[in-house]
Amino acid sequence: MSVRKAMVILLALALCLGALPLAAQDEAPQLSMWVRSINFQTQELVDTWNANNESQIELTVIPSGEFVTKMGAAIAAGDPPDIASIDLIYTPAFASAGQLVDITDFVKELPYVDSLTPAHMELGMYEGRNYAVPTAVDGSFIVYNIDLFEQAGLDAENPPATWDEMLEAMRAINELGDDIYGYWFSMNCAGCNAFTFLPFIWASGGDVLSDDYSQATIAEDPIVREALAFYNTIWEEGLVPEGASIDNGSNFASAFAAGNIGMAGTGNFALSLYQNDHPDLNFGVFHIPGKEGGAASFGGGDVIAIPAGTEHAEEAWRFIEWTMSEEPQIEIYAANGQIPLRLELVDNPYFEGDERQSTAASALAVGHTPYTTVYNDLFNDPNGPWLEMLQIAILDGDIDDAIALGQERFTQIMEG
Amino acid sequence: MISQSSVLNLSWEQRRKLTGLLFITPTVAFVAIFFIVPLLMTIVMSFHDWPLFGERAFIGLENYQELGSDRQYLKSLDFTFRYTALVTPPIFLLGFILASLVRHNIRFIGIFRTIFFLPVVIGLGVSSLLWVWMLDDRIGVFNKILLDLNIVPKAQLFLGRPNTAMNVIILSVVWKTVGFTMILLLAGLQAIPDELYESAEVDGAGYFRKLLYITLPLMRRTIALALILSVIGSVLAFDQFYIMTRGGPRNSTISIVYWIFNNSFTYFKMGYGSAMSIVLLGILVALTGAQFYVLRERY
Chain C
1 MSVRKAMVIL LALALCLGAL PLAAQDEAPQ LSMWVRSINF QTQELVDTWN
51 ANNESQIELT VIPSGEFVTK MGAAIAAGDP PDIASIDLIY TPAFASAGQL
101 VDITDFVKEL PYVDSLTPAH MELGMYEGRN YAVPTAVDGS FIVYNIDLFE
151 QAGLDAENPP ATWDEMLEAM RAINELGDDI YGYWFSMNCA GCNAFTFLPF
201 IWASGGDVLS DDYSQATIAE DPIVREALAF YNTIWEEGLV PEGASIDNGS
251 NFASAFAAGN IGMAGTGNFA LSLYQNDHPD LNFGVFHIPG KEGGAASFGG
301 GDVIAIPAGT EHAEEAWRFI EWTMSEEPQI EIYAANGQIP LRLELVDNPY
351 FEGDERQSTA ASALAVGHTP YTTVYNDLFN DPNGPWLEML QIAILDGDID
401 DAIALGQERF TQIMEG
Chain G
1 MISQSSVLNL SWEQRRKLTG LLFITPTVAF VAIFFIVPLL MTIVMSFHDW
51 PLFGERAFIG LENYQELGSD RQYLKSLDFT FRYTALVTPP IFLLGFILAS
101 LVRHNIRFIG IFRTIFFLPV VIGLGVSSLL WVWMLDDRIG VFNKILLDLN
151 IVPKAQLFLG RPNTAMNVII LSVVWKTVGF TMILLLAGLQ AIPDELYESA
201 EVDGAGYFRK LLYITLPLMR RTIALALILS VIGSVLAFDQ FYIMTRGGPR
251 NSTISIVYWI FNNSFTYFKM GYGSAMSIVL LGILVALTGA QFYVLRERY
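Order-wise, the sequence lines are chains C and G. Sequence positions in the first sequence follow this note's numbering and run 1 to 416. Sequence positions in the second sequence follow this note's numbering and run 1 to 299.
Pulled out of the complex, with its shape left as it was, chain G reads as follows (with noise of 0.2 Å):
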């Protein structure tokens, strides 16, 4: 009762405010629980050697000094940044390009941005295994093209060599989630107001002058999100490795991500993982800082 009168004796002003805490209490309550405590645990994990189940002992720094001698880990944090740097560039030229064909309301668009924005709503588990069987020396379809078209004398084992294996994942991976990146950039093209071409045509400005004057000026925000985004999903790869090459083939796949699970739960080696992912957070924070400071607003 006490506390009930003295909600009722809190003045208008006061009352706001609680509303407003309460509003909010369940999002921080869902971080706290969902980031914040795990993100705590991984910490203290990470300086204890902290085995799946058994015995755990504080060991300091030693999970951070053996990172510098973990050939695998070095490796892994290089190819990763090797297929980020693969797989971008493609997304959003793709993406761009695919935002500028459905970018107006003709009859019939709705068809084409649902095409180009399904792969989005597969998992990609499924996805990589789709892509699996599809570039299968026997079954695949990509094969079956090939050999039909006499462009290859022999089916192709796409996953087993090193190269093809990056190239058809990343090939993959841009049919995936092209249309996310798509529709992001399509928000922002269409927030731009048709005015401002329009005057810019008065002006005798082609499609070039127009894309570099206008469009990308004024993209600025979503060309931020969309690759901030891209950027971090492309870091955090995991499943198109783990299902598609597992690793392989020479363990060339062996993206950061997987190489914390394999340690965490296949070498039970929970505070080494941990290690490894507070390192890769670091990392994550630092090229996202970067990002934005690159695409800042500019006036």
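Chain C on its own, in the form it takes in the complex (with noise of 0.2 Å):
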């Protein structure tokens, strides 16, 4: 009890706070916008919409774990932002409990609306209404290093296609020495592995939920035991270095840029700090593949929205339809080396010759994102069922207990 005073307390404070500029200034709106850690491309959107702008925005960065229980407290104090960045998988959640401003009037006057990424709007809409539109595309893939692979006698023209061909590689470059090491995971992160383990049980044909979503599979879906068995390989054989075991995602994307990881499952976000922060990098991009073959991301990324309750709605949606326009798309996010959210800009003259662009964005065509109010209690929380499950079949070896474990917890939380 005295923790949730305690946070109202502080929370209180920090909005009271927050408040005083907005009060001195009425003149040109001041607009608050929250956005989670990882989107490189924000502060650029909002630096460029300031300097050409009457109204101002304040960009605030929320950790990506604590996004969702942050958003929640604004909006129980009566004061959420005037825009969000939201994880598209959160929408259906803020969308059902209405608190998102309805804008499918505003979205069905956009002449591209055909064009912005399909899987983005989808997660943006609750009942046939839109109340999110895309703002960061991210699809999940394989970041492989070329040197490694070609030190370690391995064709790198031709990265594995199938679970066996990984394992092989992350042996023979386990080879290399004590400090290098065959691939590289998150393993005290659960939206890390929703976003990079998942693929691969998709790519294989199986899922941990049932095509409505209103069921658990875990049980009784056998890939989902033979993808636990793969990792649990991968660990076993110390093909991962024994960190990897405690990492709560802050090494996600960073892990591999040290240069003595093979592989690691990462996506578009990683792909401009690779680019930009370490020119010497020298790697390439594949699919995540199933058992067998085949291929499959997660679509990932964030929605832009206006919560309930703010007074500049008009002028939050001015923001919004700029950032989708050309020239942003183009000069910001491309630029950037992130992928345009409308599928004609695609092929712009950044991404041109890029082979990494090309596959991470056709990543995107094998997307899948699973549509459930209770994405975050299922997959994302540090204290929810996934992680539970892939630690101990991974870590601990306990592949029979987890599933049924995973199969009770995830079945609890989806009756509610």
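No lab work stands behind these hints, which were simulated from the structure alone. Just so you know, even glycine gets a beta-carbon here, dropped at the ideal spot from N, CA and C. Treat each hint with caution, since some may be false.
[What the hints assert, rightly or not] On the chain C side, residues computed to face chain G include the following (Cβ under 10 Å):
hint	residue
1	Gly72
2	Asn188
3	Asn260
4	Gln407
5	Arg409
[Stated by the list, open to error] Residues from chain G that keep clear of chain C, each with C-beta distances beyond 10 Å, as calculated:
hint	residue
6	Asp78
7	Ile97
8	Leu157
9	Leu171
10	Leu225
[Stated by the list, open to error] Here are the in silico distance ranges between beta carbons for each label pair:
hint	chain 1	residue 1	chain 2	residue 2	range
11	G	Ser100	C	Glu58	54 to 64 Å
12	G	Phe23	C	Gly78	33 to 43 Å
13	G	Asn163	C	Glu58	42 to 52 Å
14	G	Ile24	C	Glu311	39 to 49 Å
15	C	Asn158	G	Arg71	39 to 49 Å
16	G	Ala29	C	Ser96	37 to 47 Å
17	G	Asp148	C	Thr359	44 to 54 Å
Reconstruct the complex from the two isolated chains, following the hints.
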């Protein structure tokens, strides 16, 4: 109880402080915007907007793992931001609770509405109305270190296409030295593994949820067990650094950048990091394979929405509409290595000749995103059943226990 | 004017009473606003399906009934009491030893008292982060020492295994809080007149006899206070688990307040979180009552 009290008081104080500049100048509207820590292009978008418009946007970056909790508390306290860039999988939860402004009338006026990334548009809908549009497109795939592949005598031109080929490549790379490892996963990060481990299951034709997202299929789908066994082998054979077992996601993208990791699951958000901050890193990209081949990707990223209760809905939409227009899509998104939100803009001067970008962009074609209002409770919660199941199966090797526990707790949450 | 003249017309005795009332008003108001009102709200919320946002509905005792089948709630209760039972004795033993060491006013003793007390003034969040870094397998000072002394063959992931995670968290909390217990016990120790020890020594009492028959009985009140504060603090532990392990590994370090926080703010089930808070409040009241009873003054 004392914690909650302290939270409310802190929140109230924070909101008072935040409200002061708003009250001071009421001529040009001051908008607040929240974004989770993973979107590198947002700061540039806001800076560009602020330099060219009367209305000013104040950007607050929230750690990804805290976003839902903080957003929920802000809504409950009656003072959410005017614009929110939300992990797309949370949109159904916020929209179904009536916490987002219905933007259907704005959206249908957009001339390019049909070319906006479909997964994001679908997740931004609730009962046939639009509540959000895309703002960051992020499919998952695997990056591999070409130098290490060549040193290990592997064919870097033809990266692995099955689980067995991946294991062989990891073993060969592990041989290269004590500090060199075949693979990296962040096994104390729930969301990281929804993003990069679920596609192994999907690419093999399996799933952990039924097609209508009403039931858990962990226990009945044999591929789930095989995928857990595949990752368990990686751990047992020491093909990942031991520290990977406790990484909470802070090294999710950066571990591979150190240059001693053969392969790692990642997404578009990391490509610009590698390209801009680690120009010497010689890497390639391939799709997350199924057991015997095939490919899948988690259609992730963010949508942008207007939380209910704002007085600046019109101005907020003006900003959102501008972010989707051609100039920022090319000069801010593509120039920073981010995939444009409109499919017709993927062919742009910045992406020409970069095979990594085109492979990453094509991952979206095999992208898949679960639609459920309890996504956070199932997958992303650090104390939720997804991570607990993975840790017990992969790190402890108790695959049967893990599957039984996962099935039970998934079912409990989905039945409410 | 009427009220002013009526105040002026009061007798000295009545005015004294009024003054007293005015003096306690701020405290009463503070307690009412920050304790009584939230407590009543929590009780009301615990009878509702009360999401963080959205529609609310009265559901009677359903939240309380759900507690019985919530496996993590029972696991968290078990964990919290195990943690309390493990962390309290070292805090007391070490606190008592430190208090005995710094009891006498000799030269430079203030420096040592300050050193022992210093961790208390660091925020628990900050100290938790500090320990996370010190325990890290790549950059942490503990692993460096253990490796250099050849005590371990390779870097240990202290926070990655349920047993070691619990132990190192206890270590960090003892380091963080032992100074506070030391100060409380020190005050109790210094309140015992030296004459008592001197006369006992004349009668031939050794250290342990003095401890058993003079120090401990005369410190009953102090020990009761320190124990109750320490136990309440441990039962309400949250920050260290949230920061150091995030409830892991395998959800083995989710304390009861952590689970209340998760339900209220991550799963948006404020009503359910409130019901758990009320039950926890009941447990704490019972526990504190029992401690008062055991450590009451008996003459």
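Hints, one by one, checked against the model:
1. Using the Cβ-Cβ criterion of 10 Å, the hint placing C/Gly72 at the interface with chain G is satisfied: the shortest such distance is roughly 5 Å.
2. The beta carbon of C/Asn188 comes within 6 Å of a beta carbon in chain G, closer than 10 Å, and the hint placing it at the interface holds.
3. The restraint placing C/Asn260 at the interface with chain G is violated, with a minimum CB-CB distance near 13 Å, outside the 10 Å limit.
4. The interface hint given for C/Gln407 is broken, as the beta carbon of that residue sits about 14 Å from the closest beta carbon of chain G, more than 10 Å.
5. Among the interface hints, the one on C/Arg409 holds; its C-beta lies about 9 Å from the nearest C-beta in chain G, closer than the 10 Å criterion.
6. The non-interface label for G/Asp78 is consistent with chain C: the shortest C-beta to C-beta separation is roughly 16 Å, beyond 10 Å.
7. Even its closest Cβ contact with chain C, about 30 Å, leaves G/Ile97 beyond 10 Å, as expected for a residue assigned away from the interface.
8. Interface exclusion of G/Leu157 from chain C breaks down, the closest Cβ pair being 5 Å apart, not more than 10 Å.
9. Listed as outside the interface, G/Leu171 is consistent with that label: its C-beta sits roughly 18 Å from the nearest C-beta of chain C, beyond the 10 Å cut-off.
10. Every CB of chain C lies more than 10 Å from the CB of G/Leu225, the least distance being 19 Å, so the non-interface label holds.
11. Between G/Ser100 and C/Glu58 the beta carbons are some 55 Å apart, a value that agrees with the proposed interval 54 to 64 Å.
12. About 36 Å separates the C-beta atoms of G/Phe23 and C/Gly78, a value consistent with the hinted range of 33 to 43 Å.
13. The beta-carbon spacing between G/Asn163 and C/Glu58, approximately 46 Å, falls within the hinted interval of 42 to 52 Å.
14. Between G/Ile24 and C/Glu311 the CB atoms are about 43 Å apart, so this pair conforms to the stated range of 39 to 49 Å.
15. At roughly 48 Å, the beta carbons of C/Asn158 and G/Arg71 sit within the given window of 39 to 49 Å.
16. At roughly 40 Å, the beta carbons of G/Ala29 and C/Ser96 sit within the given window of 37 to 47 Å.
17. The supplied range of 44 to 54 Å is met by G/Asp148 and C/Thr359, whose beta-carbon atoms lie about 46 Å from each other.
Checked against the numbered hints listed earlier, the structure breaks hints 3, 4, 8; every other hint is satisfied.
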